Amino acid sequence: MIAELGLAALWLAAALAALQLVAGALGQREGGAELAAIVRPAAILQGFLAAFSFLMLLILFAQTDLSVKLVAMNSHSEKPMIFKLSGAFGNHEGSMLLWITVMALAGALIAALERRLPEKTMLATLAAQAFVGIGFYAFLLLSSNPFERLPVPAIEGNGLNPLLQDIGLVFHPPTLYIGYVGLSVAFSFAVGALLTRQVTPDFARAMRPWVLGAWIFLTLGITAGSYWAYYELGWGGWWFWDPVENASLMPWLAATALLHSASVLASRDALRTWTIMLGVVAFSMSMVGTFLVRSGILTSVHAFAVDPERGTFILGLLVIYIGGALLLFALRAGTVSEGERFSLTSREGALVFNNVMLSAILGIVLLGTLYPLLTEAFDVRVSVGPPYFNPVGAIFVVPMLLVMAVGPLLRWRKDSITRIRLPIAIVGAVMIAALILVSLLSSVSILPLLGLVLSIGLAIGSFLPIRGRKLRLLPIATWGMMIAHFGIAVALFGMASESAFSEETLAAVEVGGSADVGPWNVVLTEVRPTAGPNWTALEGRMMVSYKGGTAKEIDPQSRNFWAPPQETTESALVTRWNGQLYAVIGRQAGEGRWQLRLWWKPFVTFIWYGGMLVGLGGVLALIGRLMADLKRRSIKTRVADRRTGTAT
Amino acid sequence: MTTGLKAKHQRLVLIVIALVALIGAGLLAAYALRNQASYFYVPAQMVSEPPAPGEAVRLGGMVQAGSLKTEADGVTFGFVVGDGEATVPVRFAGILPDLFIEGSGVVAEGRLDSSGTFVADNLLAKHDENYIPRELEDMTKQQAQQVVAETTASLPDPGA
Numbered sequence: 038m039i040a041e042l043g044l045a046a047l048w049l050a051a052a053l054a055a056l057q058l059v060a061g062a063l064g065q066r067e068g069g070a071e072l073a074a075i076v077r078p079a080a081i082l083q084g085f086l087a088a089f090s091f092l093m094l095l096i097l098f099a100q101t102d103l104s105v106k107l108v109a110m111n112s113h114s115e116k117p118m119i120f121k122l123s124g125a126f127g128n129h130e131g132s133m134l135l136w137i138t139v140m141a142l143a144g145a146l147i148a149a150l151e152r153r154l155p156e157k158t159m160l161a162t163l164a165a166q167a168f169v170g171i172g173f174y175a176f177l178l179l180s181s182n183p184f185e186r187l188p189v190p191a192i193e194g195n196g197l198n199p200l201l202q203d204i205g206l207v208f209h210p211p212t213l214y215i216g217y218v219g220l221s222v223a224f225s226f227a228v229g230a231l232l233t234r235q236v237t238p239d240f241a242r243a244m245r246p247w248v249l250g251a252w253i254f255l256t257l258g259i260t261a262g263s264y265w266a267y268y269e270l271g272w273g274g275w276w277f278w279d280p281v282e283n284a285s286l287m288p289w290l291a292a293t294a295l296l297h298s299a300s301v302l303a304s305r306d307a308l309r310t311w312t313i314m315l316g317v318v319a320f321s322m323s324m325v326g327t328f329l330v331r332s333g334i335l336t337s338v339h340a341f342a343v344d345p346e347r348g349t350f351i352l353g354l355l356v357i358y359i360g361g362a363l364l365l366f367a368l369r370a371g372t373v374s375e376g377e378r379f380s381l382t383s384r385e386g387a388l389v390f391n392n393v394m395l396s397a398i399l400g401i402v403l404l405g406t407l408y409p410l411l412t413e414a415f416d417v418r419v420s421v422g423p424p425y426f427n428p429v430g431a432i433f434v435v436p437m438l439l440v441m442a443v444g445p446l447l448r449w450r451k452d453s454i455t456r457i458r459l460p461i462a463i464v465g466a467v468m469i470a471a472l473i474l475v476s477l478l479s480s481v482s483i484l485p486l487l488g489l490v491l492s493i494g495l496a497i498g499s500f501l502p503i504r505g506r507k508l509r510l511l512p513i514a515t516w517g518m519m520i521a522h523f524g525i526a527v528a529l530f531g532m533a534s535e536s537a538f539s540e541e542t543l544a545a546v547e548v549g550g551s552a553d554v555g556p557w558n559v560v561l562t563e564v565r566p567t568a569g570p571n572w573t574a575l576e577g578r579m580m581v582s583y584k585g586g587t588a589k590e591i592d593p594q595s596r597n598f599w600a601p602p603q604e605t606t607e608s609a610l611v612t613r614w615n616g617q618l619y620a621v622i623g624r625q626a627g628e629g630r631w632q633l634r635l636w637w638k639p640f641v642t643f644i645w646y647g648g649m650l651v652g653l654g655g656v657l658a659l660i661g662r663l664m665a666d667l668k669r670r671s672i673k674t675r676v677a678d679r680r681t682g683t684a685t
Numbered sequence: 565m566t567t568g569l570k571a572k573h574q575r576l577v578l579i580v581i582a583l584v585a586l587i588g589a590g591l592l593a594a595y596a597l598r599n600q601a602s603y604f605y606v607p608a609q610m611v612s613e614p615p616a617p618g619e620a621v622r623l624g625g626m627v628q629a630g631s632l633k634t635e636a637d638g639v640t641f642g643f644v645v646g647d648g649e650a651t652v653p654v655r656f657a658g659i660l661p662d663l664f665i666e667g668s669g670v671v672a673e674g675r676l677d678s679s680g681t682f683v684a685d686n687l688l689a690k691h692d693e694n695y696i697p698r699e700l701e702d703m704t705k706q707q708a709q710q711v712v713a714e715t716t717a718s719l720p721d722p723g724a
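Residue numbers (the working numbering), protein chains in the order written: chain A, 38 to 685; chain B, 565 to 724.
No wet-lab data here; the hints were simulated from the structure. Please note that a few of the clues may not be correct.
[Unchecked claim] Where chain B lies over chain A, by a calculated footprint (3+ residues, C-beta under 8 Å):
{"#": "1", "region": "400-413"}
{"#": "2", "region": "426-434"}
{"#": "3", "region": "538-550"}
{"#": "4", "region": "622-628"}
[Stated by the list, open to error] Chain A is faced by these chain B residues, among others (derived, beta-carbon under 10 Å):
{"#": "5", "residue": "Ala589"}
{"#": "6", "residue": "Leu597"}
{"#": "7", "residue": "Tyr603"}
{"#": "8", "residue": "Leu660"}
Keep in mind the model is a prediction, meaning the values are calculated, not measured. Every residue gets a Cβ at the ideal spot worked out from N, C-alpha and C, and that includes glycine.
Let the sequences and hints guide you as you build the complete structure.
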């Protein structure tokens with residue numbers, strides 16, 4: 038019954054999306070006011086129905102209703118409740134339902150709240166949102182129905198991949214999806230503005246909170262995903278340039294560029310077409326990401342189902358939406374009149390530079406990700422990894438970070454380098470000092486060295502906008518920008534330090550024996566069996582001490598899950614302010630010895646602290662923008678009131 | 565305008581700068597990809613046309629049953645990867661991946677040394693019950709079926 042309710046709600050939501058599209062399109066015409074009036078309510082109702090449908094799926098998973106195929110395939114009655122619920126979106130169908138739910142809710146929110154844009158642009162935006170939605174409804178209902186029943190209920194479920202039975206999975210996919218889908222709103226705004234030729238600062242102000250919101254979620258989702266891969270996969274790495282990681286990085290790069298160009302459009306009425314273009318590109322990257330992950334065309338832990346039909350379907354959607362939007366862009370871009378001009382040495386100029394660099398990095402990641410697919414067409418199999426991405430990316434990251442350190446000091450419209458020569462000299466001197474110091478004290482290879490030096494320069498540069506200004510009067514959004522830039526510096530420092538100073542020990546140790554890694558001493562005191570709700574494990578008990586200090590106990594495990602049968606290594610971490618000890622226990626190496634793999638990673642945690650700071654900066658910027666908007670709105674209404682008051 | 569350009573040309577200048585940067589990035593990427601991509605080999609290819617020693621490549625095949633040996637240090641392993649036509653000895657120092665089993669598929673990342681042994685930095689075994697390294701799809705049909713049988717957990721028979 039619950040499954041049928043969910044399915045019915047999904048069909049209804051799809052029908053409302055169709056209605057929203059038709060009414061939104063026809064309501065544009067003369068005398069379409071009646072049709073136009075139903076667009077907003079349709080969008081809101083559609084949001085409710087999609088959310089209801091997703092709720093039904095959650096209930097099915099909570100109850101472990103084994104007559105539903107998806108539950109039988111992916112859940113198990115003995116799984117802890119939280120993983121039963123997260124299992125609802127730990128599979129292809131459920132994750133697509135989550136996608137469409139977030140998208141419908143976003144549409145409902147714009148319909149309910151957005152009042153700044155001209156009504157026609159609003160209608161076009163909601164119609165565009167519905168148009169994108171319909172494709173995904175069709176995809177779900179026709180080829181990936183999550184509510185499909187089994188002819189005869191299964192006796193027990195298949196369980197969920199143990200790697201995914203982790204608290205990280207509870208938050209990671211929804212966070213990323215909200216990010217991806219938030220970009221669909223930016224896309225709809227861009228299409229709406231193109232259709233009605235209303236590319237104005239108001240349009241940028243309406244779009245900006247959505248871009249900021251999406252960007253915050255993407256930032257946090259990527260940060261969380263990276264930490265999950267780091268501690269759960271047990272390889273000690275935090276980024277693998279896996280196609281799926283790239284699939285989340287590419288929309289982030291595009292959204293970062295869009296964020297900055299939208300703020301130029303909002304404050305200075307410049308970069309009109311460029312902002313529209315980025316709006317289209319950002320969502321295209323979300324779609325490409327979904328296609329890469331969901332089609333099974335690339336192998337990855339994330340590729341749930343290798344099903345050519347689904348791949349073709351998503352590819353079709355991709356071609357329609359991206360191709361359509363690019364065609365519209367090509368037809369209309371020429372008619373968007375040029376915005377305000379600016380000098381190349383100005384805040385706008387620096388932001389344009391940042392945008393071009395981000396786009397170049399995006400291009401490099403995209404090419405590297407797609408290259409294996411391309412060569413496969415010629416029957417040559419290759420893989421592309423860090424030897425490509427790191428140095429080629431750095432060529433563009435380095436100049437971008439240099440400009441980022443001082444760009445925010447430039448004034449809008451027109452400025453000169455000589456005016457800010459003092460801060461440039463400070464940042465430059467600090468970086469040169471750091472360069473000399475690091476290269477004298479240790480032999481670090483070129484990329485980590487550049488990373489360390491740039492991170493220090495950027496950390497200082499990011500707070501220079503405070504200079505000569507009253508702290509109390511500094512807008513919240515400016516604090517947000519400084520903290521986000523500082524977060525990038527912190528994360529970069531962590532990455533460079535991890536790559537430059539990590540130490541690794543691989544040893545076979547008998548119980549009672551010890552091994553050293555960096556400043557740590559590790560004693561294996563016991564290996565014992567242990568068990569959890571759906572697994573058994575061998576647990577190594579280790580006493581670890583830092584530079585001969587007091588010993589602390591850690592217990593890495595090698596787990597055996599039985600539904601589905603699989604082994605995983607559970608690493609154990611000791612976090613200090615200046616880094617992390619990372620311990621993994623492997624198999625028995627014969628003669629009573631156990632394999633231990635130990636890493637000492639100085640300042641590795643800064644990578645994720647940095648990511649969180651970037652997210653925090655985004656939140657502050659969002660709050661600042663929303664407050665400014667509210668203020669502007671109340672001034673407008675007051676002015677309007679006074680006018681009507683004098684007229685009567 | 566400090567640059568002294570005619571105002572009309574600003575849009576054009578910006579577009580040209582952006583295009584130059586993007587095309588530059590594209591050319592750079594294409595050049596780097598040709599040199600930095602690591603190629604995939606099956607044992608038969610690796611024996612008939614071996615890559616240059618030291619070149620980063622990947623080797624995919626089946627771990628031969630009974631070939632896994634642990635060296636005295638307890639953390640270095642030797643095993644043989646074959647595809648039914650040829651075999652390549654592999655050496656790997658590290659913790660074997662969770663799903664590494666003799667007789668099943670593996671993809672090794674590393675390089676060939678001068679003596680013809682493949683030194684692996686990293687081993688990719690099947691990740692979960694639904695996932696087979698894509699490269700293994702090129703195995704002989706029988707081997708592929710074997711891999712699928714091992715790696716696919718089927719639905720419990722609803723009729724049972």
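Numbers of the earlier hints that this structure fails to satisfy, in rising order: none
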